[in-house]
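Visitor: Chain residues, written in single-letter form:
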Amino acid sequence: MSKSKIFKSCAEAVADIFDEASVMVGGFGSFGGLPINLIVALAEQGARDLTLIANMGGVGFELSHRIKPGGYQDAGILFENGQVKKFIGSVPALGGMPPTSPLERLHREGKLEVETVPQGTLAERIRCAAGGLGGFYTPVGVGTVVAEGKESRVIDGREYLLERPLRADFALIKAHKADRLGNLVYRQTARCFNPVMATAAAVTIVEVDGVVPVGKLDPEAVVTPHIYVHRIVEVPR
Amino acid sequence: MSKSKIFKSCAEAVADIFDEASVMVGGFGSFGGLPINLIVALAEQGARDLTLIANMGGVGFELSHRIKPGGYQDAGILFENGQVKKFIGSVPALGGMPPTSPLERLHREGKLEVETVPQGTLAERIRCAAGGLGGFYTPVGVGTVVAEGKESRVIDGREYLLERPLRADFALIKAHKADRLGNLVYRQTARCFNPVMATAAAVTIVEVDGVVPVGKLDPEAVVTPHIYVHRIVEVPR
Amino acid sequence: MKERLDEPTIALRAAREFADGSVVNLGYGMPGLCANLIPEGRTVYFQSENGMLGFGGLAADEEKDYELINASDQPVRPLPGMSFFDSAQSFDMIRGGHIDTVVLGAYQVSEKGDLANWGRPGRPATGMGGGMDLAVGAKRTIVTMLHTTREGGPRIVKECTYPLTARGCVSLIITDIAVIEVTGEGLLLREVAPGWTVPEVQALTEARLTPAADLKEIEL
Amino acid sequence: MKERLDEPTIALRAAREFADGSVVNLGYGMPGLCANLIPEGRTVYFQSENGMLGFGGLAADEEKDYELINASDQPVRPLPGMSFFDSAQSFDMIRGGHIDTVVLGAYQVSEKGDLANWGRPGRPATGMGGGMDLAVGAKRTIVTMLHTTREGGPRIVKECTYPLTARGCVSLIITDIAVIEVTGEGLLLREVAPGWTVPEVQALTEARLTPAADLKEIEL
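Chain order of the listed sequences is B, U, Y and W.
So that you can map any letter, position 236 of the first sequence is 236 in this note's numbering, and since no number is skipped, the others follow by simple counting.
So that you can map any letter, position 95 of the second sequence is 95 in this note's numbering, and since no number is skipped, the others follow by simple counting.
So that you can map any letter, position 187 of the third sequence is 187 in this note's numbering, and since no number is skipped, the others follow by simple counting.
So that you can map any letter, position 88 of the fourth sequence is 88 in this note's numbering, and since no number is skipped, the others follow by simple counting.
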């Protein structure tokens, strides 16, 4: 048997995330699928100059109270801490409430680079990297700011942009259950960006509600096969 | 409620496949996942000048006896019938046994065009079409006959070929169970090319072992969501 | 001042566009109100870009599950026959042309159907989310929005001045005073809110409107 | 004539290359024999391009399920922890570099590690299947083959004359008389079959072989 992938704590699982690493963070919006405990552990660990790849930039715990009663934790804490030098995602900051997020403030101050990517293109760029491909042509973004600096090409009478693969040193993701090998299943819409990010990182770290024995997960229903998963932390909810 | 997708027979389900249609046929090799009854129905229906897209070209019932006791049915019957003008796939004919297949014979006689595509490129070209993309760069095939006539490009120091999307007028696939809406689950390795082909055809026709009521399939385990499925035929095994 | 339709009424009018058996995606904000306004007797399959198909309306407080949410972070109700998938598969569905109708909000729509719905001047770090993918991929894009800006300026314009979402993607615009179809020959004014005249609507619209031969009041 | 290793013995030698915990894909023909020859105490996760990970060895007659087959159409045994996926996901895994070792058959291998394993002169309609994807995507490609053709000609050549599968992809060649590593400086002869000398192996090899400093007999 090979080495166990089970880590005792989120702190232990993120301990070697290095300065200037690229880090994918799963989830989608404010809830459901965010690897909250791994995010907090990375905030405590303190790695800096990170490139953060996530659907949303988050708002941080303080501002989150203006959105939902009781507030919630998201990737915003990493911007608050000044740990991020570049963000790549589809919603760096919300246009409406809250008035500004830590990401927005840093961006205005010139302390953060932001690459805004249409959400489907973000997902596809990650899958492109995961599949060992060099790029793809998408019709999304043609005639918009997204097209700036990109090769455009007409194929069968339709215009497309060339988009490039996106991979990361680490992926922090959230799943529902893992078996001890690392096979993963998700729960409802908490699936979202987690499975695709799991496949495109050199080291994939997953926070799960529970670990089950090998053989317990239906092989037809495994969403992320274990070879994509390197570290598992159980955080019962 | 919208119109029922359940068809009484394979014959009825393939009745409108027209001459010169492009038809994807699911499955992988000789067993498991071949929509055998739909293939036979198409052979009886008689549409001609088809472009057939499948992983393997098949051998036909007669020759199949030399491979397996009792023989088996595959897409070879469509070549035997002279219904196909072009084949696109990764294994047009086996290199060893049997000595020649109907596909090979027609190809030698100049009656059939064959486009041989690496298997992963075949799957990705189909997914590319399903995802509304214009093409992708793959490292597979560089320096081989597959590269002939294709754009080649160096990205980050590695050479890639531009591959194009592949879609079809019809997809004939095999699944294990469908609910009445058309959500599909597969069984073990009978999954193979079926789910990806289901997503890239104007009309997807599925042969299933059984139809179950809506709500019976686990929403976490549905492989093909119902919007990809247009016709269902139950063929209990 | 003349009475304008409120947001739930605009959403109600938009929901009447959903064909029986169609696949519908609802954007952030006002479009989300369509979720609970499907016309009686029609089945609509909602798709959400976070990876879900065939869910129900918005969940009541006591049934909220924050791992069962639409792309606007709102908990929804489960329905038999639904399915879950990941973001990459979700956008295959969207770009691949399997969404019959998407309803999106907008800052501006041009007379050619160009859509600007994500970026505002002075907020450089906002993002387009899945809006570009939806506008490009859906078979039909319906915009629901207020006809004018907070300051009373036009939102239906000759050329968008806000950052574009996609060019020529909008089919129908439903506002608090009008229903306007985008055609190859420009904007066709199909319906006006009760009490509104064509010149009154035109006065609040920068782009030129052509009244439809069968122009009528919005029926609610 | 000297004795050569038989196919099961070549496969046995190949299987000794599988690291504990590694992901292995077995090609059509001789490589498939490795399935039931994993060294004691090692765990290997087999991947098959038709969409399966973590299955067991070849099934006995009484347990055969023709919907549980490897890419060579052979029924295999299920194992706890296995998973199924579709062809597109399977090749993401393969091209994405998640296969540690692939074992493939070959018609020819060149001194630069070029592989020709699918097309034969006079059989224009044969196909490469998943071989190109595997040869390009796997971290390590091992070739198992007979050292010479049926007519006694070399298969390990300066330049392949058969249609290529991929350039420079082969790491290790295991034949019925030798184990040869492909290095940046050419072919390194690491092991010879019992009773064979370096000149004897070289005589059946078109490409130049450099004997390793620690050259030894194949241990079985």
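There may be inaccurate statements among the hints.
What the hints assert, rightly or not - Label-pair ranges, simulated between beta-carbon atoms:
no. : chain 1 : residue 1 : chain 2 : residue 2 : range
1   : B       : E109      : Y       : A60       : 56 to 62 angstroms
2   : U       : S9        : W       : D6        : 21 to 27 angstroms
3   : B       : R164      : Y       : A60       : 41 to 47 angstroms
4   : U       : E12       : B       : S4        : 53 to 59 angstroms
5   : B       : E113      : U       : D156      : 17 to 23 angstroms
In short, the hints are calculated from the structure, not lab data.
From the three backbone atoms N, C-alpha and C, an ideal C-beta is built for every residue, glycine too.
Visitor: Are the hints correct? Go through all of them and say.
Guide: These are the hints, each one checked on the structure:
1. B:E109 x Y:A60: 56 to 62 angstroms: Check failed, 43 angstroms falls outside 56 to 62 angstroms.
2. U:S9 x W:D6: 21 to 27 angstroms: violated, 51 angstroms
3. B:R164 x Y:A60: 41 to 47 angstroms: At roughly 44 angstroms between Cβ atoms, A60 of chain Y and R164 of chain B fall inside 41 to 47 angstroms, so the hint holds.
4. U:E12 x B:S4: 53 to 59 angstroms: holds, 55 angstroms
5. B:E113 x U:D156: 17 to 23 angstroms: 20 angstroms Cβ-Cβ, so the 17 to 23 angstroms window holds.
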